[in-house]
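2 protein chains.
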Amino acid sequence: MTGKVKPPHANRGVLRKKEEEKSQLTSMVDYVRISFKTHDIDHIIQNVLHINREFMTEEPRGFYGYIGTWRMDMIKVFYSAPDDERGTLIELSGKGCRQFESFLECRGKTWFDFFQDCLNEKGNFTRLDIAIDDKKTYFSIPNLLKRVQKGLCVSRYRRVDNNGSNQIEDGSSAGTTIYFGSKKSESYLCFYEKNYEQADKFNLSYDDLEKWNRYEIRLKSERAHSAVCALIADRNLKKIAIGIISNCIRFVEEKGEGDKRKRKTSPFWLKFIGDVEKLQLTIEPKKDFYEKSRNWLQNSCAPTMKVILEVDRVLGNSRLLDVILNAEEGALGDSDLLNMIFNAKLQDKHEKMLETFLTPIHEMVV
Amino acid sequence: MTGKVKPPHANRGVLRKKEEEKSQLTSMVDYVRISFKTHDIDHIIQNVLHINREFMTEEPRGFYGYIGTWRMDMIKVFYSAPDDERGTLIELSGKGCRQFESFLECRGKTWFDFFQDCLNEKGNFTRLDIAIDDKKTYFSIPNLLKRVQKGLCVSRYRRVDNNGSNQIEDGSSAGTTIYFGSKKSESYLCFYEKNYEQADKFNLSYDDLEKWNRYEIRLKSERAHSAVCALIADRNLKKIAIGIISNCIRFVEEKGEGDKRKRKTSPFWLKFIGDVEKLQLTIEPKKDFYEKSRNWLQNSCAPTMKVILEVDRVLGNSRLLDVILNAEEGALGDSDLLNMIFNAKLQDKHEKMLETFLTPIHEMVV
Numbered sequence: 001m002t003g004k005v006k007p008p009h010a011n012r013g014v015l016r017k018k019e020e021e022k023s024q025l026t027s028m029v030d031y032v033r034i035s036f037k038t039h040d041i042d043h044i045i046q047n048v049l050h051i052n053r054e055f056m057t058e059e060p061r062g063f064y065g066y067i068g069t070w071r072m073d074m075i076k077v078f079y080s081a082p083d084d085e086r087g088t089l090i091e092l093s094g095k096g097c098r099q100f101e102s103f104l105e106c107r108g109k110t111w112f113d114f115f116q117d118c119l120n121e122k123g124n125f126t127r128l129d130i131a132i133d134d135k136k137t138y139f140s141i142p143n144l145l146k147r148v149q150k151g152l153c154v155s156r157y158r159r160v161d162n163n164g165s166n167q168i169e170d171g172s173s174a175g176t177t178i179y180f181g182s183k184k185s186e187s188y189l190c191f192y193e194k195n196y197e198q199a200d201k202f203n204l205s206y207d208d209l210e211k212w213n214r215y216e217i218r219l220k221s222e223r224a225h226s227a228v229c230a231l232i233a234d235r236n237l238k239k240i241a242i243g244i245i246s247n248c249i250r251f252v253e254e255k256g257e258g259d260k261r262k263r264k265t266s267p268f269w270l271k272f273i274g275d276v277e278k279l280q281l282t283i284e285p286k287k288d289f290y291e292k293s294r295n296w297l298q299n300s301c302a303p304t305m306k307v308i309l310e311v312d313r314v315l316g317n318s319r320l321l322d323v324i325l326n327a328e329e330g331a332l333g334d335s336d337l338l339n340m341i342f343n344a345k346l347q348d349k350h351e352k353m354l355e356t357f358l359t360p361i362h363e364m365v366v
Numbered sequence: 001m002t003g004k005v006k007p008p009h010a011n012r013g014v015l016r017k018k019e020e021e022k023s024q025l026t027s028m029v030d031y032v033r034i035s036f037k038t039h040d041i042d043h044i045i046q047n048v049l050h051i052n053r054e055f056m057t058e059e060p061r062g063f064y065g066y067i068g069t070w071r072m073d074m075i076k077v078f079y080s081a082p083d084d085e086r087g088t089l090i091e092l093s094g095k096g097c098r099q100f101e102s103f104l105e106c107r108g109k110t111w112f113d114f115f116q117d118c119l120n121e122k123g124n125f126t127r128l129d130i131a132i133d134d135k136k137t138y139f140s141i142p143n144l145l146k147r148v149q150k151g152l153c154v155s156r157y158r159r160v161d162n163n164g165s166n167q168i169e170d171g172s173s174a175g176t177t178i179y180f181g182s183k184k185s186e187s188y189l190c191f192y193e194k195n196y197e198q199a200d201k202f203n204l205s206y207d208d209l210e211k212w213n214r215y216e217i218r219l220k221s222e223r224a225h226s227a228v229c230a231l232i233a234d235r236n237l238k239k240i241a242i243g244i245i246s247n248c249i250r251f252v253e254e255k256g257e258g259d260k261r262k263r264k265t266s267p268f269w270l271k272f273i274g275d276v277e278k279l280q281l282t283i284e285p286k287k288d289f290y291e292k293s294r295n296w297l298q299n300s301c302a303p304t305m306k307v308i309l310e311v312d313r314v315l316g317n318s319r320l321l322d323v324i325l326n327a328e329e330g331a332l333g334d335s336d337l338l339n340m341i342f343n344a345k346l347q348d349k350h351e352k353m354l355e356t357f358l359t360p361i362h363e364m365v366v
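Heads up: the protein sequence lines correspond to chains A and B, in order. Using full-length UniProt numbering, read the first sequence as starting at 1 and increasing by one per residue. Using full-length UniProt numbering, read the second sequence as starting at 1 and increasing by one per residue.
What the hints contain is simulated information worked out from the structure, not anything from laboratory work. Every residue gets a Cβ at the ideal spot worked out from N, C-alpha and C, and that includes glycine. A portion of the hints provided could be inaccurate.
Stated by the list, open to error - Short derived list, chain B residues pointing at chain A, Cβ under 8 Å:
| # | residue |
| --- | --- |
| 1 | D42 |
| 2 | V148 |
| 3 | Q149 |
| 4 | R158 |
| 5 | R159 |
| 6 | V160 |
| 7 | D161 |
| 8 | N162 |
| 9 | N163 |
| 10 | Q167 |
| 11 | D170 |
| 12 | Y192 |
| 13 | L270 |
| 14 | G274 |
Take the sequences, apply the hints, and build the full model.
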């Protein structure tokens, strides 16, 4: 897989044959978002998308704080108000990616050329999805879930979510989806049975479903940007994709060492991963996060803290502070408010802010 | 079942004891949306909610096409533009329902009285959720799903969806949810393991989870309105709850007639349905009048307070708390964070929340 939209005509038959022999796995770019600090929409449309704006339509609304959109169906460019530092955002949904490939093909370009154009224009990749279609089906998704439930998955993630459906009539499965990692996090994997999804979408019977698994990699922020940089360097989408999956999860045998991390990788997983090396997406933290966190602490935390202290003063005779300072950990149950605080569930934004605030700047600088 | 917010004082002990003996099942109104054609928000707040608007805050944004909101935490009234036929919408989320019960209780009214008030003002119920808490646990949710997958559920629905989570480390379950019917439809049931949900919410260990299943009935549009009309007619939530659950699903034995519809109902299901019939509608009374703001304190203030304490712990060697407790006013300059807090400018929402938190409910009722 070279990342070419299509191989030159002369090679196509050969390539297809080789692919079929090899694996039946195909990979594709499935979602992209790139933000640019510039407000020069014309420039972005002309020099990055290379589409004639006359064929695009303008809409006086946007998303994520952008105020307007130039679009050609699912190929979209959002723009912000002139004094808004958001600038401009290119968004290609799954369908948008397929549509954009027509334009790439027409210009004899690849996704890698497009990604390079984006970087040249100081674009920042905020989302990248890569999808792998598996029509051989290296494994069954419900069986993979069973392996997870037997504790046979080794991962840097802590949790796996799953969705499933069953027909009430006979209880038969109507498709299973597994999420490795939290949907809210910067990266997660989504494995599902594309054949059932397609059958539901087009109202087809489940009786004659072709085998078809879909493995999706969803990357945000720095991880998306890192992956794009790796793609440009390597120009091999499938290798990068499997490298990411391989770095995230590994399935091991039931027997062996007590510590499952030391056990051998299951043959079915080895076969799927092949000889692709793990790909670590390193993250380059932003330098201005520290100041942002400080402002947030000052504008958001401090007032609410003041409120808590006031509530405590009025209702609790300052028992809260007394308890915080003097009590043993075990005795904290004394204060209702204190319990509330210690049991408080931090949202992602809180965790992020805390982490950022507590990381010395020099560790964030690259 | 009387639908009273609280039984008369004299009966309380008896009722609680009976309940425990009988079933451990409790039910509650868990979500309500009522739309009114009128744009007279004052009238709705005063004559339907009976809350003094001075204690509510206005926000220049709404949902579902409404342009603004009057709210007291999770008790919300949305309004639309003057020429918009949407009119006004009352929305009480789960938390909003619990909060609103404080006001009902204070006025000596029940949900049925409130529903009647809504109808009197030509309100149209567009959503009604009823929840049943099962702390005895008549069945295990994962086992119920297995029965579905064995084709042992008889239903007018065609499909069952499920969500689940597993810990990667040992594969153990982290909670299962079953949806009978489509989430997009006018009515569906949602059965889930509330104990896992609570553990996740409050970041508790799964080790010592108490048994706790939650069965929710979610009704929209005409189905919601019909259910409310039936509720008002006989002031009896149990008939509605039983009628809906029994109408929607039935679990049968594995052996018997080839047509499962003709098979006997499973004993475990009969026992559950039977006990539901004995269900008393009691609404968990508020522990104190400040419950209404407790959510806000817990969800908004407590996490940020925790962040501050953590920042102080790591960066300041707990000087913050030390200084708060021991220092003279003049010596506060010692702590950067403390200065930040004492100089914090409270926004209107903070002032309002503080005021609401510190005002007894009876002073807010109109």
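Consistency of the hints with the structure:
{"no.": "1", "hint": "D42", "verdict": "violated, 28 Å"}
{"no.": "2", "hint": "V148", "verdict": "holds, 6 Å"}
{"no.": "3", "hint": "Q149", "verdict": "holds, 5 Å"}
{"no.": "4", "hint": "R158", "verdict": "holds, 6 Å"}
{"no.": "5", "hint": "R159", "verdict": "holds, 6 Å"}
{"no.": "6", "hint": "V160", "verdict": "holds, 5 Å"}
{"no.": "7", "hint": "D161", "verdict": "holds, 5 Å"}
{"no.": "8", "hint": "N162", "verdict": "holds, 5 Å"}
{"no.": "9", "hint": "N163", "verdict": "holds, 5 Å"}
{"no.": "10", "hint": "Q167", "verdict": "holds, 6 Å"}
{"no.": "11", "hint": "D170", "verdict": "holds, 4 Å"}
{"no.": "12", "hint": "Y192", "verdict": "violated, 13 Å"}
{"no.": "13", "hint": "L270", "verdict": "violated, 20 Å"}
{"no.": "14", "hint": "G274", "verdict": "violated, 23 Å"}
In this structure, the earlier hints numbered 1, 12, 13, 14 are contradicted, and the remaining ones agree with it.
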